[in-house]
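Novice: Chain by chain, the residues:
There are 2 protein chains.
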Amino acid sequence: MTVYSVLHALSDPTRLTIVQTLRDNTEQACGTFPVTVAPSTLTHHFRVLREAGVIHQREEGNRRWTTLRYDDLETRFPGVVDAVLRAARP
Amino acid sequence: MTVYSVLHALSDPTRLTIVQTLRDNTEQACGTFPVTVAPSTLTHHFRVLREAGVIHQREEGNRRWTTLRYDDLETRFPGVVDAVLRAARP
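Order-wise, the sequence lines are chains A and B.
Once you know that position 83 of the first sequence is 65 in the working numbering, the rest is easy, because the numbers rise by one and skip nothing.
Once you know that position 35 of the second sequence is 17 in the working numbering, the rest is easy, because the numbers rise by one and skip nothing.
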């Protein structure tokens, strides 16, 4: 987890909407995010977020559940996620 | 100036070093940044930062001077730049 990969992961509207949704809720099932992109595009965005260490995903039954690694992010980069989410609000 | 282009501009070690240098000083001449990249690469990084609205550059004589648009960034995205710079410190 580097600050560069985290910032890159956050530098996209769809990915930031995913992070905002996860910040407001806890664990979230795929398909329940308020984004309008093709499934393959969404898969790509989840991979970028996962590889940067921003989210964690687990399979259960036939669903994939996603959580924000908020505590890890706060430990490594205090204040960054919330400052970015505030900045992205309309 | 969007939060996405600003985050993208900050998501690179060389560009973040440039921003850190400008945050610590005021106006800085090109060629005086503590980075070790080819001049053409540095020109690219300055362009990304400029187009994102992170820096301002002006020509004077045969030198180019660079400043951080800190007040503009703080007005639009309060706390983002300083949180990112803190996160990037070794």
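Please keep in mind that the hints were generated in silico from the structure rather than gathered at the bench.
All figures in this text were calculated on a predicted structure; none of them were measured in a lab.
We put the beta carbon where it would ideally sit given N, CA and C, even for glycine.
A hint or two may mislead.
[As the list claims (entries may be wrong)] Stretch-level coverage of chain B by chain A, calculated; a stretch enters the list once three of its residues show a Cβ under 8 Å from a Cβ in chain A: (1) -10 to 1; (2) 60 to 66.
[Unchecked claim] Some chain B residues well away from chain A (every beta-carbon gap over 10 Å; in silico): (3) V(-15); (4) Y(-14); (5) S(-13); (6) N7; (7) P16; (8) T18; (9) F28; (10) E33; (11) H38; (12) R46; (13) A69.
Novice: Each hint: holds or not?
Specialist: For each hint, the structure was consulted:
Proximity of the stretch -10 to 1 of chain B to chain A, defined as three or more residues with a beta carbon under 8 Å from a beta carbon of that chain, is established by the 6 residues found. Taking a C-beta to C-beta cut-off of 8 Å, the stretch 60 to 66 of chain B contributes 5 residues in contact with chain A, enough for the three needed, and the coverage statement holds. At roughly 5 Å, the least C-beta separation between B:V(-15) and chain A is not larger than 10 Å, which violates its mark as non-interface. Distance to chain A contradicts B:Y(-14) as a non-interface residue, since its nearest Cβ pair spans about 5 Å, not more than 10 Å.
Separation of B:S(-13) from chain A is inadequate, the least Cβ-Cβ distance of about 8 Å not exceeding the 10 Å criterion. Distance to chain A confirms B:N7 as a non-interface residue, since its nearest Cβ pair spans about 21 Å, more than 10 Å. B:P16, annotated as away from the interface, keeps every beta carbon of chain A farther than 10 Å; the closest lies near 17 Å. The Cβ of B:T18 sits about 17 Å from the closest Cβ of chain A, beyond the 10 Å cut-off, so the non-interface label holds.
Here B:F28 stays apart from chain A, with its beta-carbon at least about 18 Å from theirs, past the 10 Å limit. Every CB of chain A lies more than 10 Å from the CB of B:E33, the least distance being 14 Å, so the non-interface label holds. The beta carbon of B:H38 is kept farther than 10 Å from every beta carbon of chain A, the shortest such distance being approximately 20 Å. At roughly 25 Å, the least C-beta separation between B:R46 and chain A is larger than 10 Å, which holds for a residue marked as non-interface.
Chain A draws B:A69 into its interface by the beta-carbon criterion, the shortest separation being 4 Å against a cut-off of 10 Å.
In summary, the numbered hints that this structure violates are 3, 4, 5 and 13.
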